[in-house]
Amino acid sequence: MSQRLNFRLRPTEGSVLRVLGSIERRGFSLEHIESRRVGNAILLSVAVSGERPVEVLIRQLERLYDVLSVELEPCPDAYTTACLQQSFGEPAAVPT
Amino acid sequence: MSSIAPQRAAPSPSVEAKPYRAAHALLDALRAEGVRFIFGYPGGAIMPVYDALVDHPIRHILVRHEQAAALAANGYARFTGEVGVCMATSGPGATNLITGIADAYLDSVPMVAITGQVATFLMGTDAFQEVDTFGLTLPVVKHSFIVREAEALPAIVHEAFRIARSGRPGPVLVDLPKDVANRPIFAKPSHPVPDPPLPECNPCALERARHLLARAARPVLYTGYGVFLARAERALRAFVEATRIPTVSTLKGLGGLPTDHPCFLGMLGMHGSRAANQAVQEADLLICVGARFDDRATGKLDGFAPKARVIHIDGDPGEISKLRYAEVALCGDLSRILDALSLRPVPPEWGRRVEALKASDRPRYDAPGRFIYAPALIRRLYERLPEDAVVTCDVGQHQMWVAQHGVHRSIRQHLTSGGLGTMGFGLPAAIGVKLADPERTVVCVTGDGSFMMNVQELATLRRYGIAVKILLLDNAALGMVRQWQELFHDRRYSEVDLSDNPDFAALARVFGLWAARLESRDQIDALLQEWLRSEGPALLHVPIDPKANVWPLVPPNKANHEQLMET
Ligand SMILES: Cc1ncc(C[n+]2csc(CCOP(=O)(O)OP(=O)(O)O)c2C)c(N)n1
Ligand SMILES: [Mg+2]
Numbered sequence: 029m030s031q032r033l034n035f036r037l038r039p040t041e042g043s044v045l046r047v048l049g050s051i052e053r054r055g056f057s058l059e060h061i062e063s064r065r066v067g068n069a070i071l072l073s074v075a076v077s078g079e080r081p082v083e084v085l086i087r088q089l090e091r092l093y094d095v096l097s098v099e100l101e102p103c104p105d106a107y108t109t110a111c112l113q114q115s116f117g118e119p120a121a122v123p124t
Numbered sequence: 012m013s014s015i016a017p018q019r020a021a022p023s024p025s026v027e028a029k030p031y032r033a034a035h036a037l038l039d040a041l042r043a044e045g046v047r048f049i050f051g052y053p054g055g056a057i058m059p060v061y062d063a064l065v066d067h068p069i070r071h072i073l074v075r076h077e078q079a080a081a082l083a084a085n086g087y088a089r090f091t092g093e094v095g096v097c098m099a100t101s102g103p104g105a106t107n108l109i110t111g112i113a114d115a116y117l118d119s120v121p122m123v124a125i126t127g128q129v130a131t132f133l134m135g136t137d138a139f140q141e142v143d144t145f146g147l148t149l150p151v152v153k154h155s156f157i158v159r160e161a162e163a164l165p166a167i168v169h170e171a172f173r174i175a176r177s178g179r180p181g182p183v184l185v186d187l188p189k190d191v192a193n194r195p196i197f198a199k200p201s202h203p204v205p206d207p208p209l210p211e212c213n214p215c216a217l218e219r220a221r222h223l224l225a226r227a228a229r230p231v232l233y234t235g236y237g238v239f240l241a242r243a244e245r246a247l248r249a250f251v252e253a254t255r256i257p258t259v260s261t262l263k264g265l266g267g268l269p270t271d272h273p274c275f276l277g278m279l280g281m282h283g284s285r286a287a288n289q290a291v292q293e294a295d296l297l298i299c300v301g302a303r304f305d306d307r308a309t310g311k312l313d314g315f316a317p318k319a320r321v322i323h324i325d326g327d328p329g330e331i332s333k334l335r336y337a338e339v340a341l342c343g344d345l346s347r348i349l350d351a352l353s354l355r356p357v358p359p360e361w362g363r364r365v366e367a368l369k370a371s372d373r374p375r376y377d378a379p380g381r382f383i384y385a386p387a388l389i390r391r392l393y394e395r396l397p398e399d400a401v402v403t404c405d406v407g408q409h410q411m412w413v414a415q416h417g418v419h420r421s422i423r424q425h426l427t428s429g430g431l432g433t434m435g436f437g438l439p440a441a442i443g444v445k446l447a448d449p450e451r452t453v454v455c456v457t458g459d460g461s462f463m464m465n466v467q468e469l470a471t472l473r474r475y476g477i478a479v480k481i482l483l484l485d486n487a488a489l490g491m492v493r494q495w496q497e498l499f500h501d502r503r504y505s506e507v508d509l510s511d512n513p514d515f516a517a518l519a520r521v522f523g524l525w526a527a528r529l530e531s532r533d534q535i536d537a538l539l540q541e542w543l544r545s546e547g548p549a550l551l552h553v554p555i556d557p558k559a560n561v562w563p564l565v566p567p568n569k570a571n572h573e574q575l576m577e578t
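Listed in order, the protein sequences are those of chains A and B. Heads up: the first sequence runs through residues 29 to 124, numbered per my numbering. Heads up: the second sequence runs through residues 12 to 578, numbered per my numbering.
FYI, nobody ran anything at the bench for these hints, they're computed from the structure. Since we're looking at a predicted model, the values are computed, not measured. Treat the hints with care, since some could be wrong.
Computed Cβ-Cβ distance ranges for the label pairs, DEER-style [stated by the list, open to error]:
id, chain 1, residue 1, chain 2, residue 2, range
1, B, Ala-130, A, Ala-69, 27 to 33 angstroms
2, B, Arg-364, A, Pro-102, 44 to 50 angstroms
3, A, Met-29, B, Pro-317, 25 to 31 angstroms
Below are the DMTMM-like pairs computed for lysine to aspartate or glutamate, each with C-alpha atoms no more than 20 angstroms apart in a straight line [unchecked claim]:
id, chain 1, residue 1, chain 2, residue 2
4, B, Lys-558, B, Glu-497
5, B, Lys-333, A, Glu-99
6, B, Lys-333, A, Glu-79
7, B, Lys-311, B, Asp-295
8, B, Lys-569, B, Asp-306
9, B, Lys-558, B, Asp-377
10, B, Lys-333, A, Glu-90
11, B, Lys-333, A, Glu-118
12, B, Lys-333, B, Asp-305
13, B, Lys-333, A, Glu-83
14, B, Lys-311, A, Glu-79
15, B, Lys-333, A, Glu-52
16, B, Lys-569, B, Glu-293
17, B, Lys-569, B, Asp-556
18, B, Lys-333, B, Asp-306
Note that the Cβ used here is the ideal one computed from N, Cα and C, for glycine as well.
Let the hints inform the model, and build the full structure from the sequences given.
Right, dumping it as structure tokens:
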């Protein structure tokens, strides 16, 4: 099952490569990629699949300098998301 | 020992008349960032910068291999907490830097690496000494820049430093094409602005952590290098004083709590102490402070701290629940979080249990036989060292003996390549430390294998009169690999014998060092003293038992409590 990540990137040299490389090195496969320059940013949309929690991947990608923002399109794995949100103190209800 | 530091020409007034070039602006920008040393090695593509160096006040240290430039900058940065700077030419200069850059990446060390590049109009044509340095380093840098516009250079340098030191530190590459370096520019160095403060930690999470702590019967603190990165040693110590929670540390976290503190149980993991691993095994609450559940620390992950809930306190949200789910994640300033958590002391039964674990796990230093027993020697060394001495290590058995048997009083006094495990780290790192603080005693504990990886830096010691003291533990082998072959490969020894090593003391003397060989136990005290008191750089060569192993040991793919003890 793949999940889609939508990025806004700085339009700097290598930014797309850096993001795609990080995703693969963290153990996810790239299923689909779209990218275009819009004004002062690159919009990159990537469908990824993998065994590991995508929420951790997102936090790893967020620390890249080139990544201005990254969003996960509504994700079916609500349980993991809720657990992880709760560990950060978010008042999310963990489905049982 | 005479220092032959090269003389610099005084800046001449005629310099003002020449156009201000990007290469010069680079050096000015480094100075504006407070850089004291550039560790480097010249070559074709970086020549404009070396030309600008001739009449620039910044100090350049010429190493004898670019790997050592990166590792010296790395050691400088680990010790000072400032950004280390290394520089090399394109092609082979840049590829030689990569090991030291990767080392900084895995160990979160702030560094800026500057590489020359072929001229922009030649890039992409397979020109002489052209490699894609940007691409080669992509997975081992925090960020990287190719400077395509000369005017952008000062701002890029400033940004590189900010990135290298902010948040979780790491190395940043600045690749500078030769034609760009030669261009005249008008931009002035931009001035450092302070980093934005860390966000406040989520109060709900803090409340949940307090709740878990208040209920825990068997809490254990598990601390790492993040304590140093967050400058949180004071807060950690105060927290332990208030709660008396038993504490274990990763290799790189050693010294966060002084290792002779009564609450300290030792290093955890593969070569961790039995007390540390057993306490984690029994814990019902694990408070991880600035550590990342590395496989060398956890052993088989699903057998790690099997009864514990986890509170993970870290400056980097990217580490939370990466390998082990954290019931509570506290991201932000470690000191403030620890200060806000301090609560009631640890339950007395647990205190007694841990004391018993610790009492039954005291290392012995009275090995039989005539060989010098490395753990006892390390112990003796630390008894003789000034309290503020810094020890750098190489990689292998000797590294583990230092970790286990040294007394580590703060994290920056024990520099070790943890993430990458880079043989050859010790000597260049010691050079970086000793230059940063010439008054300190700086010791490099190395092995006969590792030492040869950057042996050429003996010439750097001599050139600048850098009084590093090298303790070479010679087991005539790649000992750590030999140990694994003995235990896990049916004693099928493969390419680990180094019994044809050179005479290390003679070798060191050729490079102008004081050197001696320590051969019997009754010489230990006298020779340690002579070696430490000698003027200038010095090497003490110590043949040890070639069969000695590091104990305890958690076998690969086993849980930490299944560790093997010496038989
Ligand atoms: C650059 C590099 N190459 C190979 C290794 C794998 N390795 C780890 S420890 C070791 C042996 C180190 O020998 P020595 O420095 O003599 O230390 P000892 O274990 O004998 O104390 C080797 C080859 C490494 N860590 N780094
Ligand atoms: Mg050896």
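Structure-based check of each hint:
| no. | hint | verdict |
| --- | --- | --- |
| 1 | B:Ala-130 <-> A:Ala-69: 27 to 33 angstroms | 30 angstroms, holds |
| 2 | B:Arg-364 <-> A:Pro-102: 44 to 50 angstroms | 48 angstroms, holds |
| 3 | A:Met-29 <-> B:Pro-317: 25 to 31 angstroms | 30 angstroms, holds |
| 4 | B:Lys-558 <-> B:Glu-497 | 10 angstroms, holds |
| 5 | B:Lys-333 <-> A:Glu-99 | 19 angstroms, holds |
| 6 | B:Lys-333 <-> A:Glu-79 | 12 angstroms, holds |
| 7 | B:Lys-311 <-> B:Asp-295 | 18 angstroms, holds |
| 8 | B:Lys-569 <-> B:Asp-306 | 11 angstroms, holds |
| 9 | B:Lys-558 <-> B:Asp-377 | 17 angstroms, holds |
| 10 | B:Lys-333 <-> A:Glu-90 | 14 angstroms, holds |
| 11 | B:Lys-333 <-> A:Glu-118 | 18 angstroms, holds |
| 12 | B:Lys-333 <-> B:Asp-305 | 10 angstroms, holds |
| 13 | B:Lys-333 <-> A:Glu-83 | 9 angstroms, holds |
| 14 | B:Lys-311 <-> A:Glu-79 | 18 angstroms, holds |
| 15 | B:Lys-333 <-> A:Glu-52 | 16 angstroms, holds |
| 16 | B:Lys-569 <-> B:Glu-293 | 17 angstroms, holds |
| 17 | B:Lys-569 <-> B:Asp-556 | 28 angstroms, violated |
| 18 | B:Lys-333 <-> B:Asp-306 | 12 angstroms, holds |
Hint 17 from the list above is the single one not met by this structure.
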